[in-house]
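**Q** Listed below are the residues making up each chain.
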Amino acid sequence: MTLAVGIAIGSVYALVGMGYSLVYRTTGVVNFTVGSYVVLGGLGTWWLLDQAHFPYGLAVIGGIILAGAIAGAFWTLIVIPLWRRRSPAYVVLLSTVIGGAIIAPLTELLITPQAEELPPWVSGFTLHISGSDISGQYVFVIAAGLAVLAGVSLFLRQTMLGKQLRACGASRETSRLLGIHPELAGGIIMVITGLIGGLAGALITPAQSSEASMGLTFGIFGFAAAALGGLDSVAGAFLGGILLGTGQAFIDRYYTPNYDEVIVFALLVAILVLRPNGLFGRAEHAG
Amino acid sequence: MSRAWRARDGLVVAAAAVAVVMTELSGSSYWIYSLCLVGIYAVVAIGFNIALGLAGQVSFAQVAFMAVGGYATALLTTKAHADPWLALLAGTALGAALSFVLNLPFLRLSGHYLGMATLALALGVQSFAENASSITGGALGVFGVPSLTLGSFSLAVHSRFYVVVWTACALCLTVYYLTAKSHLGRAWRAIAARPDVSASLGINVSRARILALVLAGTMAALSGGLWALLLNYVAPDYFGLAMIGNIFFMVIAGGMGSLAGPLVGAAFVVLVPQEMSSLGQWQGVVLLAMLLGVLVLWPTGLLGDPRAAGSITALLPARLRAMPTRTGKAGS
Amino acid sequence: MNAATMSERAAPAPAPPVLLAAEAVGVSYGRVRALESLSFGIHGGGTVLVLGLNGAGKSTLMRALAGVVPLRSGRVTLAGRDISTMPAHRRVRHGISLVPEGRGVLPGLSVRENLELGWHAAARSRRGGLDEAVGRMLALFPTLGGRLRQDCQTLSGGQMQMLAIARALLSRPAVLLLDEPSLGLAPIVTADVYEALAGLGGEGVATVIVEQKAVPMRVIPDTVLVLGNGRVVHESHGVRPSEEELARLYLHEGERT
Amino acid sequence: MTTGSPLLTAEHVTKAFGGVMAVHDVSLTIDAMAIHGLIGPNGAGKSTLISLLSGFARPDSGEICFDGRDVTQLGPARLARLGMARTFQAATPLAGMTVLENIQVALTIKYRSGLFSVLARTPAMRREAKALAAQARELLAVFGLLADADRPARDLPFGKLRYLEIARAVATEPKLLMLDEPAAGLNQVEVDQLAALISWVRADGVAVLLVDHDVSFLFSICDRITVLNFGKVVVSGSAAEVRGSELLREAYLGPAIPQHPDPPVAESRRPESRHLEAQ
Chain B
152 MTLAVGIAIG SVYALVGMGY SLVYRTTGVV NFTVGSYVVL GGLGTWWLLD
202 QAHFPYGLAV IGGIILAGAI AGAFWTLIVI PLWRRRSPAY VVLLSTVIGG
252 AIIAPLTELL ITPQAEELPP WVSGFTLHIS GSDISGQYVF VIAAGLAVLA
302 GVSLFLRQTM LGKQLRACGA SRETSRLLGI HPELAGGIIM VITGLIGGLA
352 GALITPAQSS EASMGLTFGI FGFAAAALGG LDSVAGAFLG GILLGTGQAF
402 IDRYYTPNYD EVIVFALLVA ILVLRPNGLF GRAEHAG
Chain U
16 MSRAWRARDG LVVAAAAVAV VMTELSGSSY WIYSLCLVGI YAVVAIGFNI
66 ALGLAGQVSF AQVAFMAVGG YATALLTTKA HADPWLALLA GTALGAALSF
116 VLNLPFLRLS GHYLGMATLA LALGVQSFAE NASSITGGAL GVFGVPSLTL
166 GSFSLAVHSR FYVVVWTACA LCLTVYYLTA KSHLGRAWRA IAARPDVSAS
216 LGINVSRARI LALVLAGTMA ALSGGLWALL LNYVAPDYFG LAMIGNIFFM
266 VIAGGMGSLA GPLVGAAFVV LVPQEMSSLG QWQGVVLLAM LLGVLVLWPT
316 GLLGDPRAAG SITALLPARL RAMPTRTGKA GS
Chain P
485 MNAATMSERA APAPAPPVLL AAEAVGVSYG RVRALESLSF GIHGGGTVLV
535 LGLNGAGKST LMRALAGVVP LRSGRVTLAG RDISTMPAHR RVRHGISLVP
585 EGRGVLPGLS VRENLELGWH AAARSRRGGL DEAVGRMLAL FPTLGGRLRQ
635 DCQTLSGGQM QMLAIARALL SRPAVLLLDE PSLGLAPIVT ADVYEALAGL
685 GGEGVATVIV EQKAVPMRVI PDTVLVLGNG RVVHESHGVR PSEEELARLY
735 LHEGERT
Chain S
5 MTTGSPLLTA EHVTKAFGGV MAVHDVSLTI DAMAIHGLIG PNGAGKSTLI
55 SLLSGFARPD SGEICFDGRD VTQLGPARLA RLGMARTFQA ATPLAGMTVL
105 ENIQVALTIK YRSGLFSVLA RTPAMRREAK ALAAQARELL AVFGLLADAD
155 RPARDLPFGK LRYLEIARAV ATEPKLLMLD EPAAGLNQVE VDQLAALISW
205 VRADGVAVLL VDHDVSFLFS ICDRITVLNF GKVVVSGSAA EVRGSELLRE
255 AYLGPAIPQH PDPPVAESRR PESRHLEAQ
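Protein chains in written order, with my numbering: chain B, 152 to 438; chain U, 16 to 347; chain P, 485 to 741; chain S, 5 to 283.
This is chain B alone, in the form it adopts within the complex (with noise of 0.2 angstroms):
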């Protein structure tokens, strides 16, 4: 029980940390805003759904298209103009967790303060595993995850634009002599993280509720995962997702139930400073 739900929440870790990666290897930006697009996709489905009495199913599109659109502003309104005036890494990333920071608020004034559940996918349908009934939500989340990595791994190497936005990541300059703009490859891979963010609340809300506030844990424990698969490596974020769940869900359940984030940290301090790029990155010197 304590693994299922652990590599459930582990996906979602996951696919945040996965939105991490994909904005890193293209533009070398670390996006905390991450975190908030799970918030946004899971609330705003709630709204389209309970408020404005959409379709389960054209809720769910909206919530996704809600967050990938926030993620596309935010790129636009602060990212690019930071890049034209040159501004040092710091203040990218400061603008970034500001730009998390912001958002929570803002979901709480204008779509709803509270905790909010949504409907499962496909309703009763229940697991039973060790002597303990799970919602089959779980389930979805653990194949959407795969599915998406699957998705993001196949646009990258087969289509002509997932080229492009590696080519991005590998050389900013030699990209521009083949062609490719980096501001609006930023802006593409920014909005796709976004879509991916909005999904992974559509689905984790069913099954635990989300509140406005959450929007930084996730984007904590996304960082946290991205940094223990490695930035530069999609797969290793991934991975390094599921591995950060079900710890959690273990340290939740066996040792104690309010040090799992303190560990969490801990674990991440350690791990960039020994290991800066990763237990799967490339160990390029990090200094």
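Quick caveat, the hints were computed from the structure, so don't treat them as lab data.
Heads up, some of the hints might be wrong.
Where chain B lies over chain U, by a calculated footprint (3+ residues, C-beta under 8 angstroms) [as the list claims (entries may be wrong)]: (1) 49 to 63; (2) 252 to 266; (3) 276 to 287; (4) 295 to 302.
No more than 25 angstroms apart at the CA atoms, straight line, and that leaves these computed lysine to aspartate or glutamate pairs for DMTMM-like [what the hints assert, rightly or not]: (5) K179/S <-> E290/U; (6) K236/S <-> E585/P; (7) K196/U <-> E105/S; (8) K196/U <-> D74/S.
This structure is a prediction, so every number in the text was calculated from the model and none was measured.
Every residue, glycine too, gets a C-beta built ideally from N, C-alpha and C.
On the provided structure of chain B, position chains U, P and S as indicated by the hints.
**A** Showing chains U, P and S alone in chain B's frame:
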């Protein structure tokens, strides 16, 4: 910084001193309390101005040392019944020691990795304070922190505590001024600009960086301790992401590497939200939005060196931006 | 041949229209003036060789023509159109393709993926079929043949150089800019590279080549510029720079200009 | 002119970056008070060698001795304190600092007073600060930069920027001064002034390792010259020996160019190129 900048800097400090004295004399409890808070915020900002403004160390972790100072002072007085003065000094010393030990491993990191590691440290300390309820009182925090006394003369009255706060602030400003003017300050600025050139001139880069970070950590712990004594209470959510944003805002908006910048930044961060209380819940959003605006539109801040950042014309699309350079004025 | 053409023959034939022209181009990095009022023109299928020691401004000129570096003064025109402020990512569509110093192959992408990106950068109208275009490049650079699937970092210096040129050619450039293609290559490999470049003139592709050493060019360059400290210190047309001339300019056995 | 006793010796130094042999089995000796030239074409490994000698990179194999001590594993700061100073290829004024402050940074290692004496403003600290400030101004005067003392270093014209960098290196009172392409971007008048400056530094008892492209400048001033190409020492010896050697010519101009037969008229399809040849 050129002579004109230093003159303006000195002028603002003098003006601030006059304002502080006038408020004390005015006796208005609202303003005295507000300026107590401004002084406490300024102390941590002055420390961070040494680390970021002079030595170029991008550390998100100052708030962690603020929490260390605050909780140490609170717990020593409530649990160990220590004298508040000793508790404050002990908290500050603990902050200094921890900022040495915890920053050492970070010296090898730079850029994103330094930012991420220090951010993880800060949020880890806050999470510990929130969850280790047996030690830190958990989310509710620590109540009943006594006020300072001078013999039998209680300093609970804000107008008296005011003097302690602003004396501490003046002390920190003096430390900033003396070190910035000295060869230590020059070494910091050289390392911030070119660590490789500084090393080739024989400067021990790591030792200079850790000195700046310890000074910043000490002042952050002092600020946390004073805050606990002012509110007679300390809680984990004071030391979260919002405070991280405030600390950066005070140093960047005030003007990195300037003497009076942190004072102006602190006044802004404390007084402006109070005036916006009519906005209610929108208050937090507006303040964070202002910080984003400063980062994009005015990165060198009020008193900073304007040539430090690219020119604002860079924000225009390429076609417009090219116009001025054609007429001979060099683009950014 | 009547008298008119005879006399005409004596006079230089009417020069073909200038394709790419740099007019008093000046570039500076902050305080440092890297390039000062340099002018030259090149017609379709022509060849310009730019020589000079390190720090003479050669790479700066190429980056300015490719739009990677902003101009401080002067103009760059392509087929009569002013492209001075056109950003780098749009210039490649209009037919200017730069093979950067150090080749600029993209780590983490395969040889074929590098080529595909070059092909995709060409203007849609001139692109043609991908496989057909890649086939043409493999004929020109047979050494890339068996290695399409390999990560481009596993190639040798010479092979990387060939890949970078092939990638640039796939963008169907009107003007191919090459920044020190011989850097770090053994002499025989340099000779192979220049062998492949020899045929370009015939296909109407103009080439601007920047080098430090005298290189085994088979085609006689229309213009040779020798740069020193960001200024042209020697210019010659239609003649291959002799070693003695270069030795004099580089080693300054004679007086300094 | 040299005292003959070696100040710096590098033996069989090798350094590879990612499989590419940047510096391969290089041995080099610089005598005290000598001016030693290091030349070679672009990409010959000159900058790598200077960063190895100045401690910014560690050699994969080989040994470096300075002033009689094995310094192979020492970092740049320790080496600077032992008397080795260097400049950098691109002009590197310290941003946000004035010309005087740039020189004072070089005197930082001479200060004895630590944090407490700075805060307590002890008399010893004040005396030291005043004396070293005067020393900095003196040095500016020698380099003709005194008038620009309070100007931001970034605003100096290019030539003065070069002198500031050399003045800053000399301020640490080194035994060996390494100059990385000091003549790059200087006009003829400035190059002559630079030559005079280097001779003055050597007369003051400082050995100089001069890395540059301006070959005639090096020949006019160096006692010994080492030529690098493809990371290996091609020829090394007194200025006169090296100047005439065929190896120097080949390093710079590439191997004797295989003479291509001029393209037969028929093959060259462009009439005007044929026409140009006739001129």
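**Q** Hint compliance check: list the failing hint numbers for this structure, sorted ascending.
**A** 1, 3, 5, 8
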